[in-house]
Amino acid sequence: MINTLKMYEELSETMDSKSAKKIVEIMGRMYEELRNTVTKTEFKELKDEFTELKNIVKELSVTIGELAQAQKKTEVRIEELAQAQKKTEIILQEVVKRQEKTEIILKEVVKQQDFTNKHLSGLGFILENEAYVFLPALIKRDFGITLKEDLCRKYLQDKKGSYLEVNITAKGTKDTKDIIIIGESKNQLSENLVDEFIRKKLKRFEGVFKEKIVPLIVTHMTSSPDVKEYALNKGIKVYYSYEFNKQKYQQLQHN
Numbered sequence: 006m007i008n009t010l011k012m013y014e015e016l017s018e019t020m021d022s023k024s025a026k027k028i029v030e031i032m033g034r035m036y037e038e039l040r041n042t043v044t045k046t047e048f049k050e051l052k053d054e055f056t057e058l059k060n061i062v063k064e065l066s067v068t069i070g071e072l073a074q075a076q077k078k079t080e081v082r083i084e085e086l087a088q089a090q091k092k093t094e095i096i097l098q099e100v101v102k103r104q105e106k107t108e109i110i111l112k113e114v115v116k117q118q119d120f121t122n123k124h125l126s127g128l129g130f131i132l133e134n135e136a137y138v139f140l141p142a143l144i145k146r147d148f149g150i151t152l153k154e155d156l157c158r159k160y161l162q163d164k165k166g167s168y169l170e171v172n173i174t175a176k177g178t179k180d181t182k183d184i185i186i187i188g189e190s191k192n193q194l195s196e197n198l199v200d201e202f203i204r205k206k207l208k209r210f211e212g213v214f215k216e217k218i219v220p221l222i223v224t225h226m227t228s229s230p231d232v233k234e235y236a237l238n239k240g241i242k243v244y245y246s247y248e249f250n251k252q253k254y255q256q257l258q259h260n
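Numbering (this note's numbering), first residue to last: 6 to 260.
These are calculated hints, taken from the structure and not from any lab test. This one's a predicted model, so the numbers in the text were calculated from it and none came from an experiment. Incorrect hints may appear among the rest.
[Claimed, not checked] Pairs of lysine-lysine, DSBU-like flavour, derived with a Cα cap of 30 Å:
| no. | residue 1 | residue 2 |
| --- | --- | --- |
| 1 | K251 | K179 |
| 2 | K153 | K112 |
| 3 | K26 | K77 |
| 4 | K153 | K239 |
Go ahead and model the full structure; you've got the sequences and the hints to work with.
Given below as structure tokens:
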């Protein structure tokens, strides 16, 4: 006799009871049919084969159980990945929002920079215009130079024949010797800007004029206390805008 109860219990360990019951019923019927239709010898052989088949079914049930567990783990992993993807999408949405805010801020910064540049440019022109009015007296005082023409902004040819824009220039005389003013205006003067003036302007005008070059720079302020001395050591006179105010005050007193 085949022990269907034991077989059912063994199968139930690795699969659901409904499937185990169905397999046991089928194997029970097969066992009875074979028993009624074959000889004892054949039945013994079939019984052995049936036992082997039962073991195979048991092994398959174990494999099915393992596959079911693996499937459950896979489903859990897929769910975890889905949750991670949702979190990633939320993070990406936040990044996009922040990027949009950053772009808005950058546009505002650019606008402010444009405004600042225009404002500084305007201050530069104001500084130059005041220099045209008040520098001649200061140049006369400090260098003994008498200008033969008004100070102005002008394009002058360098030693390569290229035209350079000079912020402040005019020709004059000192003790019967001809001179030419080559000047620059800077809102805030630094040592780097002094070097730039020498490199981009003075060096390129070397040997161009028959007149002696007198270089100077006008500024509202300097980036550090020693900038003026640095420029003087390079042979460049520095004038501050407040010196123009002194000239205004003196003119008012004379009037």
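Tell me, in ascending order, the numbers of any earlier hints that this structure violates. Failing hint: just 2.
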